[in-house]
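K.L.:
Taking the hints into account, I'd like the entire structure generated from these sequences.
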Amino acid sequence: MAGEAKALRDRAITDPEGFWGDAAQLIDWYQEPRTVLDTSAAPATHWFPDGTLNTCFNAVDRHVRDGRGDQRAICYDSPVTGTKRTFTYAALLDEVARVAGGLRRLGVGKGDRVLIYMPMIPEAAFAMLACARLGAVHSVVFGGFSGAELSTRIDDCACKVILTASCGIEPARLVEYKPMIDEGRRLAQVQVEHVVVLQREQHRAALDGGELDWADFIDGAEPADCVPVASTDPLYILYTSGTTGKPKGVVRDNGGHAVIARFTMEHVYGRRPGDVWFTASDIGWVVGHSYIIYAPLLTGLTTIMYEGKPVGTPDAGAFWRVMEEYGVQGMFTAPTAMRAIRQQDPQGLLKAQYDTSALEHQFLAGERSDPPTSDWTGALLGVPVIDNWWQTETGSPMCSNLMGVEALPMKAGSVTHACCGWDIQVLSDAGMPTEVGEIGNIVAKLPLPPGSFATLWNNHDRYLSSYMEAFPGYYQTGDAGLIDEDGYVHIMARTDDVINVAGHRLSTGQLEEILTGHDDVAECAVVGVADALKGQLPMGLMVLNAGCERPEAEVASEVIARVREKLGPVAAFKKARVVEKLPKTRSGKILRAIIRAMADGQPYTVPGTIEDIAVLDQIRPLIEP
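Residue numbers (the numbering used here): 11 to 635.
You may find that some hints are simply not true.
Unchecked claim - Computed list of lysine to aspartate or glutamate pairs in DMTMM-like fashion (alpha-carbon distance at most 20 Å, straight line):
id : residue 1 : residue 2
1  : K94       : E180
2  : K576      : E564
3  : K455      : E445
4  : K599      : D622
5  : K591      : D622
6  : K94       : D325
7  : K188      : E211
8  : K584      : D541
9  : K585      : D529
10 : K584      : E564
11 : K120      : D235
12 : K256      : D541
13 : K599      : D627
14 : K455      : D489
15 : K256      : D165
16 : K188      : D218
17 : K599      : E564
18 : K94       : E335
19 : K591      : D627
20 : K591      : E634
Think of the hints as simulated: they come from the structure by calculation, not from any bench.
P.N.:
Written as C-alpha cells, this is what we have:
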C-alpha cells in the first residue's frame with residue numbers, strides 16, 4: 011500500500027480517538043465532545059457521547075450561514091414525469107423548516123418516530139431533513155413495498171406520523187401508495203396518529219377524515235428551528251431488506267453518522283464543497299440515505315435526485331444525459347445498473363451522444379462488481395471505476411480506494427483496502443486467521459468506526475446474536491472473501507453462497523466473473539445446487555446482451571468450457587441456463603437463496619422486496635429438479 015493512504019489508515023486503527031477527534035472538527039457542534047470513544051457497552055461502540063449537534067443544521071443551515079445560500083443543493087430530475095426542479099441551499103432551508111413546522115404542529119418532537127413512504131421526489135428529502143431538524147427519528151420505507159411490509163415497520167418503530175405521496179411512477183405503470191398505506195395500518199397493531207399525503211398530478215388519492223393533504227400540512231406552519239440532540243441519539247431507523255426473516259431495524263446515530271458521512275465524501279469519494287454528485291439509487295436504501303441526502307449536503311455538494319431507471323427512461327443513455335446536463339463530477343450506482351445499460355447497449359453507442367467530460371470518478375457498490383462490468387464501464391467513460399464494499403449496518407464504505415487521498419493501483423475484482431477505522435480480517439469457521447488468498451469469513455475487528463450501528467431498534471439481543479457472537483471481538487459481516495498477497499480485499503459472496511463441491515470451496519463471485527467475461531453474457535447468477543454424490547454442484551443463470559442472435563445452447567456450451575479452462579474440472583460446472591431476467595430485490599440484489607431453493611425443490615418465502623415476482627414463474631421450468 012502506498013504512503014499517504016496507508017498512513018491515514020494506520021493512524022485510524024492505532025489512534026482512533028485522535029483520528030476521529032480530528033475528523034469531528036469538520037462538524038458544527040452545539041457542545042463539542044470531550045470524550046471521543048466510549049466502549050463501556052462493548053461490543054457496542056458509542057462515539058462522541060457527550061457532544062450535542064443537529065444533523066440538519068450541518069447539512070443545510072450552516073451553508074446558508076456561511077454565505078453559500080445561492081449554491082444549488084438539490085437538483086431533481088424526473089424523466090418519468092418530465093419534471094426538473096432545482097433548490098438552492100437557501101430554498102432548501104425554507105422548505106425543510108416549513109415541513110419541520112408542519113410536523114411540530116402535529117405534535118412531533120425529539121425522539122418521536124416518523125415513517126416516510128415516498129418516491130424519489132424532493133419532498134422526501136425535505137421530510138428526512140425536517141425530522142433531523144426536530145430531533146425526531148425517521149424511518150424511510152421504499153415506496154412500493156406492500157402493506158404487510160409496512161405493517162411490520164409501523165409496529166416495530168411505533169411511528170407517530172406517516173408522510174407519503176399519492177403514487178410512485180414506474181416507466182410502464184403507476185403505483186398507488188394510499189391502498190398500501192391503508193393495508194399497512196389495518197394490519198398493524200400500533201395506531202398511527204396522522205397520515206400526510208402529497209398529491210401528485212399523475213394521480214390523486216382519496217383521503218378520509220383523519221388524513222391530511224400535504225398542502226394543508228405545511229400551509230401556515232411556522233418554520234421550526236433546529237433542536238440540539240445528543241451525538242448518540244438516533245437519527246434514523248432503516249430496516250434491512252433481507253430475503254428471509256423479520257427485517258432488522260438498523261439504528262444510526264447523529265454524531266458518528268455526521269462525522270463519517272462528511273469524512274468519506276471527501277476522502278473516499280474525492281469530492282469537495284461545490285462539486286456536483288450523482289448517486290443513482292433510492293432513498294429507501296442505505297446508499298440513498300448516506301450518499302444522495304446526508305453526505306453530499308453535509309459536505310456542501312450539489313446532489314442529484316433522479317426519479318428514473320438506468321434503462322427505459324427513455325433509453326440506456328439516461329445516466330449519460332444527466333451527467334452532461336448537470337456537469338456531474340462523481341457518480342455512484344450499483345453494478346446491476348451498469349449491467350442493465352450494457353445489456354441494452356453493449357457497444358455503448360448512446361454514450362457518444364453526450365459530453366461526460368466533467369466526470370472524474372465512477373463508483374460502484376451494492377453487489378459484487380464483476381471485472382467485465384467494471385472494465386466495460388471504465389472503457390466507456392474513460393475514468394477510474396472504483397468498487398466499494400459496505401452494508402446497511404455500517405452506513406459507509408468498509409473497503410474502497412481513497413480517491414480523495416491517494417489513488418492506489420486497482421485490481422480487477424477487488425475493493426482495494428479497508429477504509430479508515432476498519433480493521434478487516436478473514437477467519438475460518440473455527441475463528442482462526444486464514445492463509446493469504448484463502449476464502450473465509452470476512453470480519454471487522456472491534457471497535458467499529460463512527461457511523462456504524464450500535465444496536466437494532468428495540469432488539470439489542472438480536473444485534474448481539476446476529477453480528478457479535480460468532481467471532482468474539484469481531485463484527486460478523488456475513489460476507490465471504492479473501493485478502494491477497496498485496497493486502498487487497500476480495501469480497502466473493504455471502505457466506506451462504508460459497509459452494510462446496512466434494513470438499514472444494516468455490517466462490518460464486520469467481521464463477522460469475524468467468525461467466526460475465528463471455529462477450530454475449532450481460533449478467534448472471536451462480537448458485538450451489540444439491541447433489542447426492544458431490545454435495546453441491548454449481549448452476550449458472552445467464553442474461554444475454556440485447557441483440558444477441560446466437561443459439562442459447564451454443565453460448566451455454568462456451569461458458570461451460572470457459573469455466574473448465576479457468577478453474578479446471580474441480581468446478582464440475584455443467585449447468586448453464588439462459589433466462590430473460592434474474593430475480594432481484596428492488597435494490598438490485600439477486601435473490602440467490604430463492605434460486606437455490608427452487609433448484610433444490612425446497613420451500614421458500616418470496617420477500618416483499620422482490621422487484622418482479624413474475625420472473626420466478628419464468629425461470630422455474632428451467633431450474634426445478
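K.L.:
Now tell me, hint by hint, if it's right for this structure.
P.N.:
Here's how the hints hold up against the structure:
1. At most 20 Å may separate the alpha-carbon atoms for a hinted pair to count; K94 and E180 meet this at roughly 17 Å.
2. The suggested pairing of K576 with E564 holds, with an alpha-carbon distance near 19 Å, which does not exceed 20 Å.
3. Simply put, K455 and E445 have alpha-carbon atoms about 18 Å apart, close enough for the 20 Å limit, and the pair holds.
4. This hinted pair checks out: K599 and D622 have alpha carbons roughly 12 Å apart, not beyond 20 Å.
5. The straight-line distance between the Cα atoms of K591 and D622 is roughly 9 Å, inside the 20 Å bound, and the hint therefore holds.
6. For a cut-off of 20 Å, the pair hint linking K94 to D325 stands: about 18 Å separates their Cα positions.
7. As the CA atoms of K188 and E211 are separated by approximately 15 Å, the hinted pair is consistent with the 20 Å bound.
8. With a CA separation close to 13 Å, the supplied pair K584 and D541 stays within the 20 Å bound.
9. As the CA atoms of K585 and D529 are separated by approximately 19 Å, the hinted pair is consistent with the 20 Å bound.
10. Proximity of K584 to E564 is assessed by CA-CA distance (about 13 Å); at most 20 Å being required, the pair is judged to hold.
11. Proximity of K120 to D235 is assessed by CA-CA distance (about 12 Å); at most 20 Å being required, the pair is judged to hold.
12. Proposed proximity of K256 and D541 is contradicted: the alpha carbons are some 30 Å apart, above 20 Å.
13. At roughly 18 Å between alpha-carbon atoms, K599 and D627 fall within 20 Å of each other, so this suggested pair holds.
14. Under the criterion of a C-alpha separation no larger than 20 Å, the hint pairing K455 with D489 is consistent with the structure, at around 14 Å.
15. In summary, the hint linking K256 to D165 is supported, as the alpha carbons are separated by about 12 Å, within the 20 Å threshold.
16. Of the supplied pair hints, the one linking K188 and D218 holds, its CA atoms being roughly 11 Å apart against a limit of 20 Å.
17. Simply put, K599 and E564 have alpha-carbon atoms about 28 Å apart, too far for the 20 Å limit, and the pair is violated.
18. Restraint check for K94 and E335: satisfied, since their Cα atoms lie roughly 11 Å apart, inside the 20 Å limit.
19. A distance of roughly 11 Å separates the Cα atoms of K591 and D627; the hinted pair therefore holds under the 20 Å criterion.
20. Taken as a hint, the K591 and E634 pair is honoured in the structure, with Cα atoms around 16 Å apart against an allowance of 20 Å.
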